[in-house]
Amino acid sequence: MAHVGDLPCDGDGMCMLCKEKPPEEERLLCRTCVTPWHVACLTVKPETLASAADWECPDCSAPPPTADAGIPAAAAVGVTAASAGSSGELIAAIRAIEADATLSEAEKARRRQRLLGGDGGAEGEVRTRGCEGESDCASFRCSICIEILDRPVTTPCGHNFCLKCFEKWIKQGGHSCAKCRAPIPSKMKSQPRINLAIVAAVRMARAKSTPSGADPSKVYHFVHNQNRPDKAYTTERAKRAGKANAASGKIFVTIAPDHFGPILAENDPIRNQGVLVGESWEDRLECRQWGAHLPHVAGIAGQSGYGAQSVALSGGYEDDEDHGEWFLYTGSGGRDLSGNKRTNKEQSFDQKFEKLNEALRISCKKGYPVRVVRSHKEKRSSYAPEGGVRYDGIYRIEKCWRKAGTQGFKVCRYLFVRCDNEPAPWTSETHGDRPRPLPVIKELKGATDVSERKETPAWDFDENENVWKWTKPSPLSRKPALVHNVDDNTMTVLRRSYKKSARQRIPREFSCLICQKLMTQPLTTSCAHNFCKACLEGVFVGQSFVRERTRGGRTLRTQKNIMNCPTCQFDITEFLKNPQINRDLMSCIEQLQQQLKDAEEEEGSIEDKSNDAADEKLKDETDNVEADDADAADEKMKNETDNVEAGDADASDEKLKDGTDNVEAGDAEEDGNTVEAEDTVKQGDDTINNPSNGPPKTRKYKRKVPVEQKGTRRSKRIKITREGEEQGDNSPSSPLHVLSDNDDFE
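FYI, the numbering for the sequence shown is 1 to 746, going by UniProt numbering.
In short, the hints are calculated from the structure, not lab data. Mixed in with the good hints, there may be bad ones.
[To be verified] In silico DSS-like links for lysine-lysine, alpha-carbon gap of 30 Å or less:
id, residue 1, residue 2
1, K352, K399
2, K517, K187
3, K366, K472
4, K352, K403
5, K379, K442
6, K231, K352
7, K597, K609
8, K365, K352
9, K410, K454
10, K377, K231
11, K577, K164
12, K442, K517
13, K517, K352
14, K187, K560
15, K597, K517
16, K399, K442
17, K472, K560
18, K21, K168
19, K355, K243
20, K410, K179
21, K355, K379
Whenever a hint applies, use it, and build me the whole structure from the sequences.
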């Protein structure tokens, strides 16, 4: 045991006896517990330098028990300072931990701390939050318990602690950071907040180090559409009974949630008739089951940037005006619904063209059809049903604007005009609507932000077919639709599978709340919000922490300038005086950026390979097509050449045969081998000298061929013909040659 009066140095290196911080050469470390001691204050000092190297403090110098024959490390963890009968057992357990070569230095330190802190038990029984990969989780350990962060809290100095460790530290009187002694704001001490970015980082590290399939599957409370009842129902998880906590029943139509226009018979596999005008339901939940208006609370169904599909008239705003075939609709927003004020009907700020209001404005500009349902809650309208909810057909938004409402704040207004092929429920007409002139709206005189359609509407009246229909292709659905299975008469959700890019897989917790991009040099405020350092400093650029005040020429005391968090109303003035970067979060983001870069390079290489393969395939196909075309062209040309040559040969043979017959006939008429040409020549001379006799006639002649050479007539004839072709049409041997005075004949 320690001698009376022997005390070690505290955590700051200050001797607990002399209250002074000894220099490094006067400090002595215990071989067993590695506790620093002041040599000058020790009762028994080491005699030699060699003994100082193996020196043990007074607490560890007691002789070990007789059963010191090698206590295993696992059993040593079960020995605690509280349960040990003597200090010898504690010393033996510490020595067993130090002698275990299978443990790392960090693990030895953790086991010693658990042993001295009274957290005993076997390794499988102690509280562990570590992950398999030490390198992945090393930067996310609490500075107090040396465990993986659990519900992490970040101090303004940038250090992270477990929520329980932080609260315990504060209860023990800690007013500064347990790691760097920086002061902690009083509001953070009373109400610490969890840093969600660190939670996401720890979760990613755990997922990376945990082998696939080791993590138990999560339980989602989801009921498939085919397993839902036909009516709205209340699950076991509902806190209260009634429709306020009810879940929707089975969806009976096969449309996507962002389907525009009427619901046709092809989308109604059960009744094969679609949703008809005048069809009524008990409440909004049943109306949702048939797709007329999907939200069972909100009055507008749509998406900003895409358009609105349906609206519900339920008397939510005093400014609504219902005239049956047309009505004035008020947008959403402008009310304070925070806390439990879910039914507040008082306007507290102006409405803007954003979110669902912007969806209605897009439908106005594009001319999309909008389904309209009326509820019995609209007491001011003569066209509302007596009970339940009724589908009243297709309307089109013609104009939208903003004006001051009855409560003084600006509201968004929309002019709806009916344009359905079926008659309205309140009319006795047998046909649907026809194009009608727009009504005169008096409130447009003082309106602002007026928007009208400047292009051809997508839903318009066709004069030839006398119906309302899509004149442009309907917008493509961006959400999964239901598919009817004929075999088992069920409907399942058809989801479009698409591959997210590496940048889209970044957790949103790592995004700056100002620039909405991946954080650089992240700062964590006392309210647990994370920003880029440049973004947060840019919000308060040019503002001073105090402001000077004067009154009547006198200088008053300076007043503190309150700087609130850009996300909440938390005062971060003290934090902005010396903002500290969250190093743990920054290291995680740098790793994420490197992974993002590698993933993009991998995706680029895969895309390049696929493009190269596609180009190579296209090139091969093009070469094959060109080769086939060339072969076909050569074959065709060869066939045509053969046909032409065969035709020319037949024509030549026929021509030579006719010439031979003529020559033989001429030889038979002539008794000798003479040529008769006098009459023809004379007639030709008369024609040339007297043009009135008619056009010049071609000259006919016969050659004198010896009788003994009759066997060579064919070769002679061919030779004469070729000479005529070489000399041209002006050659005397050419059949196209015209007789002239210059020709000399025998």
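Structure-based check of each hint:
1. Pair hint K352 plus K399 holds up; C-alpha atoms about 16 Å apart against a cutoff of 30 Å.
2. A C-alpha spacing of about 29 Å is found between K517 and K187, which places the hinted pair at or below 30 Å, so the restraint holds.
3. The hinted pair formed by K366 and K472 meets the criterion: a straight-line CA distance of about 10 Å does not exceed 30 Å.
4. Straight-line distance between C-alpha atoms of K352 and K403 comes to about 11 Å, which keeps the hinted pair within the 30 Å bound.
5. A hinted pair counts as satisfied when its Cα atoms are at most 30 Å apart, and K379 with K442 qualifies at roughly 23 Å.
6. With a CA separation close to 37 Å, the supplied pair K231 and K352 exceeds the 30 Å bound.
7. The suggested pairing of K597 with K609 holds, with an alpha-carbon distance near 18 Å, which does not exceed 30 Å.
8. With a C-alpha separation of about 17 Å, the suggested pairing of K365 with K352 holds against the 30 Å cut-off.
9. A threshold of 30 Å between alpha carbons decides the hint, and for K410 with K454 the separation of about 25 Å falls inside it, so the pair holds.
10. Simply put, K377 and K231 have alpha-carbon atoms about 21 Å apart, close enough for the 30 Å limit, and the pair holds.
11. A threshold of 30 Å between alpha carbons decides the hint, and for K577 with K164 the separation of about 28 Å falls inside it, so the pair holds.
12. As the CA atoms of K442 and K517 are separated by approximately 46 Å, the hinted pair breaks the 30 Å bound.
13. Restraint check for K517 and K352: satisfied, since their Cα atoms lie roughly 26 Å apart, inside the 30 Å limit.
14. For a cut-off of 30 Å, the pair hint linking K187 to K560 stands: about 17 Å separates their Cα positions.
15. Using a Cα cut-off of 30 Å, the hinted pair K597 and K517 holds, with the two alpha carbons roughly 15 Å apart.
16. Taking the CA atoms of K399 and K442, the gap is near 13 Å; set against the 30 Å cutoff, the hint holds.
17. Using a Cα cut-off of 30 Å, the hinted pair K472 and K560 is violated, with the two alpha carbons roughly 61 Å apart.
18. Under the criterion of a C-alpha separation no larger than 30 Å, the hint pairing K21 with K168 is consistent with the structure, at around 28 Å.
19. Pair hint K355 plus K243 holds up; C-alpha atoms about 27 Å apart against a cutoff of 30 Å.
20. For the hint pairing K410 with K179, the CA-to-CA distance comes to about 53 Å; that exceeds 30 Å, so the pair is violated.
21. Pair hint K355 plus K379 holds up; C-alpha atoms about 27 Å apart against a cutoff of 30 Å.
Of the hints listed earlier, those the structure fails to meet are numbers 6, 12, 17, 20, in rising order.
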